[in-house]
Every structure is written in structure tokens, then in C-alpha cells.
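**Q** Residue numbers (numbering that gives the first Met the number 0), protein chains in the order written: chain A, 0 to 247; chain B, 0 to 247; chain C, 0 to 247; chain D, 0 to 247; chain E, 0 to 247; chain F, 0 to 247.
Identical chains share a label here; the pair holds if one copy fits it or two copies do between them.
Pairs of lysine-lysine, DSS-like flavour, derived with a Cα cap of 30 Å:
| hint | residue 1 | residue 2 |
| --- | --- | --- |
| 1 | Lys102 | Lys117 |
| 2 | Lys184 | Lys102 |
| 3 | Lys194 | Lys153 |
| 4 | Lys102 | Lys153 |
| 5 | Lys153 | Lys234 |
| 6 | Lys234 | Lys156 |
| 7 | Lys117 | Lys156 |
| 8 | Lys194 | Lys102 |
| 9 | Lys184 | Lys194 |
Simulated from the structure, these hints should not be mistaken for lab results.
Chain by chain, the residues:
Protein chains: 6
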Amino acid sequence: MLLHLSTWPEVEAYLGRSSGLILPIGSTEQHGPTGSIGTDAITAEAIARGVGETVNSLVAPTINVGMALHHTAFPGTISLRPSTLIQLVVDYITCLARAGFTKFFFINGHGGNIATLKAAFAETYTHLVNLNIANADRVQCRLANWFTCSSVYKLAKELYGDQEGSHATPSEVAVTQYLYPEAMKTASLSPEVGKGHGFYGPADFRRRYPDGRMGSNPALATPEHGKQFYELAVKELSNSYLEFLAAE
Amino acid sequence: MLLHLSTWPEVEAYLGRSSGLILPIGSTEQHGPTGSIGTDAITAEAIARGVGETVNSLVAPTINVGMALHHTAFPGTISLRPSTLIQLVVDYITCLARAGFTKFFFINGHGGNIATLKAAFAETYTHLVNLNIANADRVQCRLANWFTCSSVYKLAKELYGDQEGSHATPSEVAVTQYLYPEAMKTASLSPEVGKGHGFYGPADFRRRYPDGRMGSNPALATPEHGKQFYELAVKELSNSYLEFLAAE
Amino acid sequence: MLLHLSTWPEVEAYLGRSSGLILPIGSTEQHGPTGSIGTDAITAEAIARGVGETVNSLVAPTINVGMALHHTAFPGTISLRPSTLIQLVVDYITCLARAGFTKFFFINGHGGNIATLKAAFAETYTHLVNLNIANADRVQCRLANWFTCSSVYKLAKELYGDQEGSHATPSEVAVTQYLYPEAMKTASLSPEVGKGHGFYGPADFRRRYPDGRMGSNPALATPEHGKQFYELAVKELSNSYLEFLAAE
Amino acid sequence: MLLHLSTWPEVEAYLGRSSGLILPIGSTEQHGPTGSIGTDAITAEAIARGVGETVNSLVAPTINVGMALHHTAFPGTISLRPSTLIQLVVDYITCLARAGFTKFFFINGHGGNIATLKAAFAETYTHLVNLNIANADRVQCRLANWFTCSSVYKLAKELYGDQEGSHATPSEVAVTQYLYPEAMKTASLSPEVGKGHGFYGPADFRRRYPDGRMGSNPALATPEHGKQFYELAVKELSNSYLEFLAAE
Amino acid sequence: MLLHLSTWPEVEAYLGRSSGLILPIGSTEQHGPTGSIGTDAITAEAIARGVGETVNSLVAPTINVGMALHHTAFPGTISLRPSTLIQLVVDYITCLARAGFTKFFFINGHGGNIATLKAAFAETYTHLVNLNIANADRVQCRLANWFTCSSVYKLAKELYGDQEGSHATPSEVAVTQYLYPEAMKTASLSPEVGKGHGFYGPADFRRRYPDGRMGSNPALATPEHGKQFYELAVKELSNSYLEFLAAE
Amino acid sequence: MLLHLSTWPEVEAYLGRSSGLILPIGSTEQHGPTGSIGTDAITAEAIARGVGETVNSLVAPTINVGMALHHTAFPGTISLRPSTLIQLVVDYITCLARAGFTKFFFINGHGGNIATLKAAFAETYTHLVNLNIANADRVQCRLANWFTCSSVYKLAKELYGDQEGSHATPSEVAVTQYLYPEAMKTASLSPEVGKGHGFYGPADFRRRYPDGRMGSNPALATPEHGKQFYELAVKELSNSYLEFLAAE
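Chain A extracted, bound-state conformation (with noise of 0.2 Å):
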């Protein structure tokens, strides 16, 4: 059930049964030679409906552009500065609180996200409580990254080993080719790729991860492997999902 397909009195009779949404959130940044650009709202955008089917809940549309400034001397990238994340999250969730939703449920794609969303739900938590908002005590945001479920993790180690790296990465790649098989790109890979660094800035990343991709190999990825592993997050975070509702 999306919010987007939805009218406004389905949206009224569904906070009758349940006061949970589902917002999935990505990114817009590169992913390395031969990955596409918009990988990590793609992915947690269709993991996010499939868990909305398989628990019958409303899911929001996809916050695609994130957290990404790393990534921005790559072109293609686009962010938003934390200080202005934080702002649009507050902004969600006040409107959406206002209407009745109480149980946030971030399922998210992007590494780089994860910080500056969980400064934004400690602002937005006190944001609602200086509104004086009915429930605003009761409102509850939690971050679910689809790519650190256990299954996910599990079956990329068996997968692809220490080729899994951590960005651009063959399981993340794999779910694009399983959702999009007609953009699967390819490209010769340096057998060597940056990894292992710290980063800091955009221009420091570029220079020690001089193709985007981060000690990974995507050319492992395949759409097979995709469905597996949308699969396996569907299923768990469908899971931690209930398990969040059901949660006092």
C-alpha cells in the first residue's frame, strides 16, 4: 500500500488499524564505474514496498537524495548538508504525527545516511515535544539499513568474500540488476581498488577511491543474486517491522 496511490480518506481509515509507516530513504551518488547512480534509493525503495506487501502496511514515497557529500566530487552526486536532512526529516514526521502516525520506520540504503538521520531523530523527538503535539511522546523513528541484516551480511560474505567491500558493492549492485536487468553496465575493473582508507572530504575521498568504488568488485553481481538478497531483507525487516509495531 503506498502513501503516493493512496487517497487521503484510505490514508484516514488505515491510521483507524495501525499508526505505522514505512519510509524508504537512499541516496543519489556515484557507485563506482558501473554501478548506478541512484543504487541505494532503488534498492531500499523496493525492499521498502515489498516489506509494506508482505506486512500490509502504508509506505511512504523515497527520500532518493541523501546524506552524499563524500561522494560529490564524483559527477552525478547529489546531497543534501546534514544541517538541511535534518530539517526535511523534521518536517516529515511533524506533518505525518500531526495526522496520527506514531511508528516511523526508516528502511535505508545508504551508509552515509545513518548518522545524520539519527541526529535528526534526536531533533525531531524534541522538536515535537517544544510543538506541544498530542502524541509526541509516543512518536518513534527507527532506522532499519537493509544491507546490514544478518541474512544480507551473511550471504554476501558467502558470496563474494572479501569482494564485498563496502561501497558500490556486488550485493547492492546485484539487487539494481535484478530490479533494472536492462541498465546492467559493465566496465573493466582495476583488479586494484581503493580500500581500507578513512575518508574526510570529497576531494580526499576521490583521491584514495579513485573510481568510487571502495575494496569492491561488482562485477560478481548478478541478478540471481539480486532476488536473493532482496529477498532475504524483505523478509527480515518485514519481521523487524512487526516486531517495532508491536513494541510498546
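Start from chain A and add chains B, C, D, E and F according to the hints.
**A** Leaving out everything else, chains B, C, D, E and F in the frame of chain A:
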């Protein structure tokens, strides 16, 4: 050519031949008893992609939550505050202008975005000057509302006359029916509908327009109409985009 | 009745009979080789005071610097960023709404203010709701541009035809001549004048409109014309204001 | 020479001979039972214009709403928050410094503005450095309160002694009487008046100073006194301005 | 009684007997060739703790970075922008006022903080009103600069006359020597020292005051003087604090 | 070497041999019935100074109020909003990077700071690029939590097992006991303690963790343990700092 399905080397190559980018922007807001909450984002996205294919231009991911504060008394609406949306646009354009894009063509599906977007463009131009970005003086943002295309307007008048109204209109609903026929909704619509009022805050809006429609009769919409509107908008905006690119 | 020349007990008494307030807003920006930099503020202020006298309403001090970033490549222009102007409007209305004012009638002399003001109104309504101010839901802001009054527009067409242009227009210059005949300026104006361009950032604007005029011939202005425009605007806006007060 | 009545080529010429600008700043706030709400703006504007004529300097439009949050429990008061006023000053000076102005002389009519203006100046200097504006390091803002001129202070002591007080003072009321004799107000003023308290928030202020006066007896004011104060302030501030321009 | 060394139940108990809190605030900025960069924080903290012991009041952790933008051309200086410091103060007081504190006594060691703190207090009072916090109208912030205590000022004049100067003064250096005798520094100080200038941005400040001193001769300082200043300040501010608590 | 006890010429000399700076950051928040409210700042400061001595590095003043909004339902807690803390970090690093520092090593004592600090680092890097600061691309911020040092974690497990918990832990309390033995507190601690819950807003946190502890038994702490933790943390973080400096 979708930015989300492109790689960064593809964007780099694209920038060798064009500095134009199409950015769809919609809204997530109530559209009356039968209209989809995502109507403005859905229509803007589809038309933007149609334009992108026609003119061989890159299309950015859709900004699917815009400025809809006046609709927030209806559940399901999500809105940014104008000040947040301005920062979001500043962030987008700053990233993209650093990468070399200079011609930004916003295809907009929501009247409520217009004022804030114009304000955001002004804020952005000066921000880029302040940052001493190389091409700051050549950056151009253009706002193109598909629903004010003359061909679209003319057809809406022919098909619906006064019942087109100004929100939850049969023309926009028709486009969503064409795109998502499986999500068509029906409801008994009161022949009496709020219209012609100014409006102010969210509660005031709902008092004046109790079911969310503004003078419209979306029951007149058909998927076939939607196809016509879609094609007219794509054609007219494709021409606008090419003129925009060609202009100094 | 000017707020600036009133005492607080007079304002308290006024609030017993009316909750309406007229707020003139202009700009401080280049108006071509012969137009006063304060044209938009001067005209808005005078017309607002004329309306105030006609309808016996309180008139606030003039917001004489508005959103004119696109004129900032010409010396003497002062502009707020849109995000600053939004906060300014929020602050004004918050103070005044707490005191009991609910009907805010902005008489505007500058096209460049329109978008930001509309954004500011939306931001303000929600801000007041967030603050739990007593009458938040009854606060109404109305934007009334004197230069788009139908009677003004008609006369300008009759007197100047195409030479009215869209900035540094003979009609607005005429009003300043009527009000400040001692400050009339002359200069040899090129018969060729930039017109019909879109425009973007400040440097771009100056390239397209090198002497600051936009398609206008302000040499046609006379103080007598100015008197006519002034009187038409006062009359038409007085009626608008009374309708605004009377409306629910 | 008023910026508002000048053209941009006149400002350009002015910048060839001077980089100084006088900026009047006042407030819109209660001034007791008989004082005009605009007292601080009216006096600052008139004195600034007097100085401008004396020293042949350009005078900017008046900032007529300042920092008066502590007066907001009285109807008619309008105030910016300090954070808004800081942004406003940053915006003003940024525009003007880009145009070539470097010496900004604020003639201030309101004690409540002082702290925020000083903060704003510091914020502005660093903002200009951050923007890499050409003359950033030469920009100088000077705050000159007309009511703390030694000649003004001395006369007020002579004429009113302790009854000068510190808000809604006879000296400032006298200046408004001189400028707007037709707007003189009378009221029976209690001989008992709040004085000597510190004060904090708006409600606290009104509790301590129930009719808005702070230890003052504005009934002592006369238009003739006002003329004297005006002339003393103009003379003393003209000298200050010339010293400011001459100093490195 | 230090907040940092207290438990929350102790604070709860404290609030049963007092709603007062002492907040030391200093700065991290150059203090000439021999003065510690932390002089203003070190002195404010020690004196605040002395006052706290004398009057049996709780002392908050020291705000050790304040508003010192004008010193930022000297290495080691750290400053908040005024707009940041305002938000910091708003955040502090909002937390503490919700817990029940209402009397905030800032013991300040840095002249450059004064303006921004006053602005921050005004912003805070209105913020608390906007949040509908229970005791918003009773919250009081008081600024107490130890270096402007009359007893301190008198002693400094006696000991140092004109060589006290206004920054990197022997009196403040003496207090740091008393507190940290092991950190005393010497350097050959030029007998010529910048003084009497106004100052503006950071580079301007360093031009006028090349070694960072403002008219002072810190070589006159001794730890014994420091002890005297410390004791005078603690005594005088203890009285001020008690009066502040006792006042309505 | 403490920045607060250094002079600016000493800092200038230091910058000739190192561009590294250690910044302790803690929090001011409840730590259960017996833990000091300043635990996180006290421990971070002491360990940072220990590291500074070990590696001969400059140590900045402690940021003693951090992001602790979730603890604000307990009296005595002070927290910045994440958006404020981000601006604070931006301001700190901007000043210091202009002076020549490039390697910023934050020694952190509070888990709740981690997300916001990471967001702040990203915001800062881009801010410095926007400002065109000379070494913007070489600025590096590193976050080092003393409580997640592997040696610390191992010892805590050995000493306390599951009773270490995750807030008001015996390990952190032990360090404060070692540093301030005179401030040790006792209280009868319920053997039942909230643990394992997620948490959300401040009221929610207090409901789940009614005495403020999270699964911990701080009664196990001793000053001797504290000495061990302190020494392990200093040793491990000294090595981390040297690696950080040495790394490209």
C-alpha cells in the same frame, strides 16, 4: 536517460555534450476523495521522463515532497516548510553546478511549489556567487509547470469546462489513471464543492474545502484523457526545454 | 492612521473595532538610469497610506528592503535573501497575531517580492499553529500588488503601450514624480532596451539589461500621470481591503 | 542625499568620491501612553537625514523594525528576533560591500538594538571574509546612538533631571513632537512609574512597567525641546561621521 | 556545588530549595604574547566556583568558547559566530527551564561576549514563550562580568593605572597567575602597544593590535594581585547573586 | 600542552611542528543515581590530557555539553540540539583550519554524540570547501571514543560482565572516582534496572529507564578500576593519535 540508472562515467560523458538537467518536482498531498496523494509527483515524474526521452536529456530523481503546508490538515500529506525546500534546492544545485551542470529545467506538478521554487532559485544564484563557483554566473533555473502548458489548458477547458477546478482536477487525475490504471479510485462526490475562496492556514483550507477538492469534478477523468494530457505536456515541454538549452 | 504615529493604547482601542492591518512592502533596487532606487517602497508606502485614510485602517511601517537579489549587480541595491525575508515576515506576523491582529493586507510595490512573500505566508501560518497562538487558524495574509490593479494596468497600456515594459516602468516612475517632483531625474535613454529575456543571477541580469530597464521607456512618465495611477490604485485597493476584511 | 531618491548611476558616481553610508535604524514599539510607537525610527531617520545633509553623505532607507522583543506584550509592537536581525544586517552589508561601500555608520534610535547590532557586525565581518569579497578586510560598521550623544544627554539632564527616565523619555518624545507636531498625544500619566528594575521576558516587562514608561515623564516634552535635541544630535553625529570617514 | 560532580537526584533536591544556577562563560582567544588563550574561561570558571561555594549555589560547566571572531587572525583562537552562540544559549536555557531552573546568573570573563549574550537572552525569553513552557514568564538571565565589578576596577586602577588597558590586561593575567602559577609566561613586551582604536574585522584587529594586547602591560601582573582580584570578584558577585535570587 | 594555558606565539610555534589538535568532547547529562552529571566530559577531558602529554600534542578546551536530548527528562541535563552542535563544530574547525590546523582528533566520552559529530564532520568539510580555505581538502576529523577502545572494553567485560550495561556504566563511573574520589556518591540501587530497550524521546527514555541507568550496576566501580581504565584508554588513544598524524 535517468540519472538514477546512470553511472558516474556516463554522467561525465553526458556533461561533455550537454550541461542541461531535467528535475521533476511534485508533492505528497491530499487530492480529494479519489485522487492519489502522490498525483503531483507521479505526473511530474512521468512527464519529465517522457521529455527526457524525447530530447535525449538526463532526468534527475523526483523531488516528491514539496510545499503543501496548506493541505496538512488532511492525513497523508507531507510538506516541507518553504525555508527547508529552499535549502534543499540550494544543496541540489550547488552539487550539480560544481559538477558542471548549468541549465536546470524543473518540471513541476504542483502549483503550491511555484512561489517557493522561485524564491529558491534567487537564493541559489546568490549562494553560488558567494561560493565563488566557477560557472556561478551561467547557472540558470527554469520552472515549467506541466499543468499550465497552453495545450494542456486548452484540452482541459474543452473536456471539463468549469469542472476542471484548481485542485484534484480531472486533468491531473486523468494522467494518474493513464499511468496507474490499477489504482483508480471512485467515491460518491458531492456535486457541491468548495471553490473560489482564497485560503490561508491548514485548518482554514479544510474548512473551505472539506473534501479537499477545489471546484473540481475528478469523476470526469478517464485514462484516455490522461494519455492525451501526457502526450501534449511531453511535446510542449520538450520544445520548451530545447529552447531553454539553445538560449544564451 | 499610521502605526508609527500611534500610541499603544490607541492600537489597543483600534483592535476593539478591527483586526486588520495594512503593511506596505517595497524594495531598494536600481530602477534604470532615471528611476529612484526606492521607487517600489515609495510607491507602496504612499498608496498604502492613501488606502489607510480611505478605509480608516491602521498602516504599519514600510518594509523598504525586499527580495531584489537579481538587481544586486547595480550599485545601491540592497536585498534580503529569500530565507531572511521569510523569517522577517514570520517575526512580524507572530508579534502582531499575539496582539490580536488577524487580517494582514500587504500592499506591494515590487514584483520580485511576490514569490518570497507567498512562501513566507505559508511558513507563517504553520509557525503560528506550532506556537499554539490563540487565533492561529484565523490569521490571513493577503498580497495586493498596486501595479497589477486592473485600473492601473489599463491606464498604463493606454498611456504607454509596449513602452510600459516590466521594470523601471513609466507608470511607477510617474508615481514617484507625483510624490517627489523635486527628485525627478533625466538622462538620455537609449531607444534600444533589453526586453523579453528571462533572467537568472545578478551578473546575468545586468548583461541582459545593461542600464537596468526592462523594456520600458520611463521618459514618458509625468507627475500628472503619477497622480492618476496613485488615485486609481488607492481606490481599487481600498475596495479590495474592505472585501478582505468582510470576507470570512 | 537619500539612497531612496537616487538613481544607480548617481550611486556609482557617489562611490567615486566616498565609500561611506549612513543607515538609520529604529524600532516599532510601545513608548508609553503618549509616545508614538515609531518614536525610535522617526527620530533616527530624521537625525540621519540631517547628518546626511550636513556632511553630504548618502543615507540608506530606515530599518524601522528592530529588536524589541521585551516590548511585545504591548499591542502595536513589532520586533525581529535577534537571529533574524543579524541575518538582515548581514544581507544589507553584503550587498553594499560588493558594490564598494566600506564605511557603514548606523544612526540608532533604540537602546534595545545595541547588543544585537554589535553581534551582527561581528557576524558580518566574518561572513564577508568567508565570501572572499574584495574589500572584506576594510569594511567597518560603526554604531552611533543619537540619544547617548554627550550634548543630548547633558540637555536632557538639565531639562528633565531624573524624570528623563530610560524609555518613553521626554527627550525622544520631544523630537517626535518637533517632527510631527500634529501627532502629539496627551494622557493623564500616573506620577508613579516603574523604574530601576531589571527586566526579562515580555510579560515580566509589562508587569514591572505597566503603562510602558520606564521612569520617565514624557509630559515634560515640548516641540521646542525637540528642535534643540535634534540640532544637537545632528551636529555631534556629523562630527562623528566625519571622524569615522577620516580614520584609517 | 558543581553540576558536573552532582547526580540528578541531587539536582532534583537542589531544585526543591533553589531555582538559581551560576553559569561561567569565557572565551578561547589570544591574550597577547604572555597571556593564556583560555584566560577568560579560566578566570570566569574559578570565580564562578568561588561564588558557588560562598552562596551554596549550583555551578554549571563552563562555556569556554564564546564570541571572539575579532581575535581569529591570531592562531589558537576559537570562536562561535554570534548566531551559533545564541542558539547554544537557547538550548541550554530551554533544557534547564524545563527542569525547573528560572534564575540564570552568567559570570562572564570576556567583553566580546556581552552583546551576543544580551541578544541571546532576548531570543531565549521569546523562545520559551513560544514553547509554552510552564515558567517561561519567570525565567531571568542576568549577566555579571567579573572584570567590571567596581572593587575589581578600583584595584586595577590603583595597581596599574593606564597600563591596565582593555585586553590582555594585567588584572586578568594576574588571576590566571594566581590560579596556574606553573603556567606563567614571560616575553619582552614592546613598550609601544596599540590602543584607543576602534576595530572591526579580524585582519583589521591584528593590524591595529599587532601583538594582541590592547593598551595593556601584563608584565605588571603578579600572582598576589591575582589573589586579590579573585577575592574581590567572588565577594562582589556573591552579593550580586544573592540580590538577584531575592529580587522578584 | 593545553591550548587554554598556551599563548598565541606558542601556538604559532606549535603549528611549525604539528598541525594536529586533540579536542575532548563530553556531555552534561544524568548518569543514574550515583554517577556524576559531568561524567562524559570529565572522563574525556582527563583522558585527552593524558594523551596530549603522552604524545606531546596540543589539547583544546573541552566541549562539555553535547547531544543528550534523550536524557533531558532528568533534571540537570543540558543538551544542544544536533543542528546547534553541528554549527558549533563548523565554527570551531573553521577558526582552527584558517590558523593552519588540519588534523582534528576528537576524544569523545558520550555515545550520544557520535551520530551528530559524524554529521558535523561532513558538514564541515563541505563548508571549508565552500569558503575556499587554503587547506580545506587536507582537513581531517577523527572520532575516537575512549569507551570503545578494545582494551577498555575487554577490561570492563572482565570486571563487570553484563553489569557493565550501556549508560552510567561502572567503567565510566570508575574513571570519575579515580579522578574525583572526593565526589563519590552512593545510593541504594534497585537490582532491577531497565535494559535492552530501544528508546526515543525524552519522556519515553525516562519511562524505560526510570533511574537513568541502562542495564548497569555502577556500584561495582572502584577508583582503582578507574585508574586502570584511564591508563588503558590513554595508551590506546595515544597510539591511535600517532597513527592518525602519520597517515596521509
